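Take the sequences, apply the hints, and build the full model.
There are 2 protein chains.
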Amino acid sequence: MKTVRIALCQINPTVGDFSGNVKKIVKSIEDAGSYKPDIIAFPELAVTGYPPEDLLFKPQFIEDNLNALGEIRKKVGDFVVIAGFVDKKDDIYNAAAVIHNKKIVDVYHKIRLPNYGVFDEYRYFQAGTRYPVYEMGDVMFGVTICEDIWYPEGPAAVQALEGAEFIININASPYHMGKSHSREKMLSVRASDSSVIVAYLNTVGGQDELVFDGHSLVVDENGDVIAVAKQFEEDMIIIDLDLDAVFIKRLRDPRRRQQVISLGKGKIEKIIIEREKGRKGEREKASPIPSPIHRFTDSPIPVEEEVYNALVLGTRDYILKNGFKKVCIGLSGGIDSSVVAAVAVDAVGKENVAGIFMPSPYTSKESGEDVDELSKNLGIKVIEEPINDIFDSYLKTLKSEFGDLPPDATEENLQARIRGNILMAFSNKFGRLVLTTGNKSEMSVGYATLYGDMAGGFAVIKDVPKTLVYGICRWKNMNEGRTIIPERVLCKEPSAELKPGQKDIDTLPPYEVLDPILKAYIEEDKSFDEIVNMGCEEDCAKKVIKMVDASEYKRRQAPPGIKITPRAFGRDRRFPITNRYKSY
Amino acid sequence: MKTVRIALCQINPTVGDFSGNVKKIVKSIEDAGSYKPDIIAFPELAVTGYPPEDLLFKPQFIEDNLNALGEIRKKVGDFVVIAGFVDKKDDIYNAAAVIHNKKIVDVYHKIRLPNYGVFDEYRYFQAGTRYPVYEMGDVMFGVTICEDIWYPEGPAAVQALEGAEFIININASPYHMGKSHSREKMLSVRASDSSVIVAYLNTVGGQDELVFDGHSLVVDENGDVIAVAKQFEEDMIIIDLDLDAVFIKRLRDPRRRQQVISLGKGKIEKIIIEREKGRKGEREKASPIPSPIHRFTDSPIPVEEEVYNALVLGTRDYILKNGFKKVCIGLSGGIDSSVVAAVAVDAVGKENVAGIFMPSPYTSKESGEDVDELSKNLGIKVIEEPINDIFDSYLKTLKSEFGDLPPDATEENLQARIRGNILMAFSNKFGRLVLTTGNKSEMSVGYATLYGDMAGGFAVIKDVPKTLVYGICRWKNMNEGRTIIPERVLCKEPSAELKPGQKDIDTLPPYEVLDPILKAYIEEDKSFDEIVNMGCEEDCAKKVIKMVDASEYKRRQAPPGIKITPRAFGRDRRFPITNRYKSY
Numbered sequence: 001m002k003t004v005r006i007a008l009c010q011i012n013p014t015v016g017d018f019s020g021n022v023k024k025i026v027k028s029i030e031d032a033g034s035y036k037p038d039i040i041a042f043p044e045l046a047v048t049g050y051p052p053e054d055l056l057f058k059p060q061f062i063e064d065n066l067n068a069l070g071e072i073r074k075k076v077g078d079f080v081v082i083a084g085f086v087d088k089k090d091d092i093y094n095a096a097a098v099i100h101n102k103k104i105v106d107v108y109h110k111i112r113l114p115n116y117g118v119f120d121e122y123r124y125f126q127a128g129t130r131y132p133v134y135e136m137g138d139v140m141f142g143v144t145i146c147e148d149i150w151y152p153e154g155p156a157a158v159q160a161l162e163g164a165e166f167i168i169n170i171n172a173s174p175y176h177m178g179k180s181h182s183r184e185k186m187l188s189v190r191a192s193d194s195s196v197i198v199a200y201l202n203t204v205g206g207q208d209e210l211v212f213d214g215h216s217l218v219v220d221e222n223g224d225v226i227a228v229a230k231q232f233e234e235d236m237i238i239i240d241l242d243l244d245a246v247f248i249k250r251l252r253d254p255r256r257r258q259q260v261i262s263l264g265k266g267k268i269e270k271i272i273i274e275r276e277k278g279r280k281g282e283r284e285k286a287s288p289i290p291s292p293i294h295r296f297t298d299s300p301i302p303v304e305e306e307v308y309n310a311l312v313l314g315t316r317d318y319i320l321k322n323g324f325k326k327v328c329i330g331l332s333g334g335i336d337s338s339v340v341a342a343v344a345v346d347a348v349g350k351e352n353v354a355g356i357f358m359p360s361p362y363t364s365k366e367s368g369e370d371v372d373e374l375s376k377n378l379g380i381k382v383i384e385e386p387i388n389d390i391f392d393s394y395l396k397t398l399k400s401e402f403g404d405l406p407p408d409a410t411e412e413n414l415q416a417r418i419r420g421n422i423l424m425a426f427s428n429k430f431g432r433l434v435l436t437t438g439n440k441s442e443m444s445v446g447y448a449t450l451y452g453d454m455a456g457g458f459a460v461i462k463d464v465p466k467t468l469v470y471g472i473c474r475w476k477n478m479n480e481g482r483t484i485i486p487e488r489v490l491c492k493e494p495s496a497e498l499k500p501g502q503k504d505i506d507t508l509p510p511y512e513v514l515d516p517i518l519k520a521y522i523e524e525d526k527s528f529d530e531i532v533n534m535g536c537e538e539d540c541a542k543k544v545i546k547m548v549d550a551s552e553y554k555r556r557q558a559p560p561g562i563k564i565t566p567r568a569f570g571r572d573r574r575f576p577i578t579n580r581y582k583s584y
Numbered sequence: 001m002k003t004v005r006i007a008l009c010q011i012n013p014t015v016g017d018f019s020g021n022v023k024k025i026v027k028s029i030e031d032a033g034s035y036k037p038d039i040i041a042f043p044e045l046a047v048t049g050y051p052p053e054d055l056l057f058k059p060q061f062i063e064d065n066l067n068a069l070g071e072i073r074k075k076v077g078d079f080v081v082i083a084g085f086v087d088k089k090d091d092i093y094n095a096a097a098v099i100h101n102k103k104i105v106d107v108y109h110k111i112r113l114p115n116y117g118v119f120d121e122y123r124y125f126q127a128g129t130r131y132p133v134y135e136m137g138d139v140m141f142g143v144t145i146c147e148d149i150w151y152p153e154g155p156a157a158v159q160a161l162e163g164a165e166f167i168i169n170i171n172a173s174p175y176h177m178g179k180s181h182s183r184e185k186m187l188s189v190r191a192s193d194s195s196v197i198v199a200y201l202n203t204v205g206g207q208d209e210l211v212f213d214g215h216s217l218v219v220d221e222n223g224d225v226i227a228v229a230k231q232f233e234e235d236m237i238i239i240d241l242d243l244d245a246v247f248i249k250r251l252r253d254p255r256r257r258q259q260v261i262s263l264g265k266g267k268i269e270k271i272i273i274e275r276e277k278g279r280k281g282e283r284e285k286a287s288p289i290p291s292p293i294h295r296f297t298d299s300p301i302p303v304e305e306e307v308y309n310a311l312v313l314g315t316r317d318y319i320l321k322n323g324f325k326k327v328c329i330g331l332s333g334g335i336d337s338s339v340v341a342a343v344a345v346d347a348v349g350k351e352n353v354a355g356i357f358m359p360s361p362y363t364s365k366e367s368g369e370d371v372d373e374l375s376k377n378l379g380i381k382v383i384e385e386p387i388n389d390i391f392d393s394y395l396k397t398l399k400s401e402f403g404d405l406p407p408d409a410t411e412e413n414l415q416a417r418i419r420g421n422i423l424m425a426f427s428n429k430f431g432r433l434v435l436t437t438g439n440k441s442e443m444s445v446g447y448a449t450l451y452g453d454m455a456g457g458f459a460v461i462k463d464v465p466k467t468l469v470y471g472i473c474r475w476k477n478m479n480e481g482r483t484i485i486p487e488r489v490l491c492k493e494p495s496a497e498l499k500p501g502q503k504d505i506d507t508l509p510p511y512e513v514l515d516p517i518l519k520a521y522i523e524e525d526k527s528f529d530e531i532v533n534m535g536c537e538e539d540c541a542k543k544v545i546k547m548v549d550a551s552e553y554k555r556r557q558a559p560p561g562i563k564i565t566p567r568a569f570g571r572d573r574r575f576p577i578t579n580r581y582k583s584y
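Chains as they are written, first to last, in my numbering: chain A, 1 to 584; chain B, 1 to 584.
In case anyone wonders, no lab produced these hints; they're calculated from the structure. Among the clues, some could well be false.
Copies of the same chain look alike in the list, so a pair counts if it works inside one copy or between any two.
Below 35 Å or equal to it, Euclidean Cα-Cα: the simulated DSBU-like pairs (lysine-lysine) are [claimed, not checked]:
(1) 542 / 27
(2) 58 / 74
(3) 325 / 396
(4) 102 / 582
(5) 503 / 326
Keep in mind the model is a prediction, meaning the values are calculated, not measured.
Below is the structure:
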């Protein structure tokens, strides 16, 4: 049987950390080495981390990246290493180096540059135009980068037609809910359309607003998934690809000869990789492939679990990659701060998480009890800092100008801002990163205080709608087999507790009504009429749209948070603040 | 003499304000009408305002824009109107409608889409491929959009070669220092290269971080500027173009026949515009062209004046277009808050500007006096709100956890944040927009307190280096012929006054040393080595670079401010927060 052994190294690089990334890549080459693979692959821009953004405009950064690739090159023996880096010619390219025996045999340039959503690749890169196919002994393969594989007529199809038996597709593909399913479906169709094995390698880790979920996979020539790597963790797939099966499938494929006509031939270059001992040279001395390399779950994991894991990884990497160890969180006894505390504990350990409870005269007795129960369940310490005295001193100072004007949002915001200041004081004094606790529903309608509850370094659930926050908490309690988020927190009516008897529902529609409107308006660009046609009352739709439009200035000053929906706030949604557009 | 009369309407539209923009355009058509021009032109995306950003993803927004164009179309008689809008075909296009007698005769699609700096046009638009030339009686002309004219081989050159005698180039080109000079130079070369008259029409006004400076101009076939519109104001150029002169220049131009060979011919379409009464039909009844239409200053205006005017326009439009009338500013007696107050007064009038002076125990007597003098010079009211009591109440509350730890940045930040809260309380209670006062030097190195002095809606001098702040103040005093910024403010050593005896120079290099390093590192992407080679001490260069890199998280949460340099913070510079890159 004609086979080839490949290793897909699903690593977690850090943007700009050339020495760290090189160390990680070299270590993976050594680890994979014991299995004597023919090819060891690393993700898109593994050398620089992804996305490096405007660091790419620094000539020194490009040079340092080339030097880092040089370090990796020296560690490559009589096998092939594929690694993502930034190539520099007349312009810069999002590239994959194909390295053999300490030599760079070829450099592939990404052809399809994404410039939508969170992506700005036209800002930086020139698009490639070559479709190389690598011939290594009796094996032929292609290399492509990320977006390249999403185009049916793209480089992979042409390479396959030209004889490539498998395609190594390296990625830095950010997570959002439901993406892994559509990705797997697309890869399956590409592989079976071209009768080619597709080895999809994704990076893993958090980078500011993005989480790369790993979940690398290999799809055979029939479109069947034959190996899957872990999601949200570093991992390595080692697998022998059956190339005889590819040949047989191609002989029998009625569409193959038609494809030659429709795709044509062109731009193809064949690159020969000559190995000293041939492909199976040292295989006899290889370690046995670890079993099982196929990790299939019996049923798809629930979306709540997937999102929770994304939040944990995104939070951990933001904290650690930015040089922090400890965090603090303002706990209110509400569901949002509770789930953020749970994520933080799973991200960096309970000993590194401090809750700060800051009651005011409007804080209920129950809130304090719920904070206590939560912190006991999580095993974290809680500091209590009542804000009454500080609040009074503000009111006294402002009295001279405010006189007898009735209290309004001003006084509510003041309380939130005092809490923000206290959290920041703890951050400054003890070097703890402040995690904010606002959810996507609140961020959408501006039900949050700028410099108040929005104050902090990282907004863990910024992209999680309130209704999903509930789902995640219920899943968490179930998954742990015990109560983490107190039951009462899950049942009581949401309140900001900034004035007597306040409930979210006084200001906002119920979250079960609000969240679908927000999804339609923000993620799906639905118009007012379309939202009303969904069954929403006109007044309600108008009110929600107005609130979303009017709070862009708040979102512009919000801390970054983890993208988990198809459209998050931040780089993903670029909206003018100055904007008189009304769709109603 | 063969002439054509054109009107360039340099208007100030608002993003998303379709009814307002249509009203403005229709009014300009009426105003220009009395001069009986053959062509009346409006800027790039005049219908939607520029840049509409992700509003472009809303199908309803595109429809509303088409309807708005329909309203304009109905007002066009036997003359030609050119107006920027978003065209919708298989995709959307940044387009110019050519309208005659209530009919859309043609639609030009922008070919060169900018996707650098503040621009994201590949995110939204499909690029055009057609090079139309319009034939109106015996006159031929071309229409191009913005970036199109920056390419020497671009559509304008081809249109000119095909017979176009003049090119109407409509723009939404954001201001930065020195841009108008390079723009004028480029236009001059394009016009003389192609022996064509170029009528460059730019939009004017502020939109979030951008200021469009107007400054439309007409360059004749020799490259000489023959008309200039006002900078930073709405204006209209009415001019008769001498087309005989173009013909004569072309006959004598030795390069013209060679150009036919190098540029080739192709993609050109001729569109006939048939007028009822011919080009000069009603000219006899026209008002005389206002004189002088040529506005040339004897000498270039100083950069300080230009920047000041940009700040005034950007601030005024941010305030008014966002529905505010009044602002408040924290006055410290320092130069930054002083210049911001001066800009605010020129933007919205002294009656709409309130200063808030918030002394602490570390505030000097001189600061209070300087605030008083400034506010007298400007004629604005000042409210005094000492922060001592509030500061004490924080210290008392935090004592339980902070114990006897020595004071550090925590206590300094607290003071700044108390001030931020007071300003926001005034904003909330009285509906005043808070203008922040940080300059670019501080924003670069993070010498500012998040949620403290960075708290507010608009950061007027965010992109103005400290050394230029001094220059602007000196220019302002000179220009007014009296002291606006008190002399002592210009002379005293900069201090944040957050602890006893504090001076900026304790933490930062002197601004005359700092600013060139910042320009090299931030605007010019110079490396550590290159900065040292500029003559900077290694320790100093390293310290500054470290500070810039480490404060990205602060800038991410900063309010928007006006771009006046080639690279501002915000959309213009997209940097990762999580970033381990070190260039030293």
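Output the indices of the hints that this structure fails to meet, ascending. none
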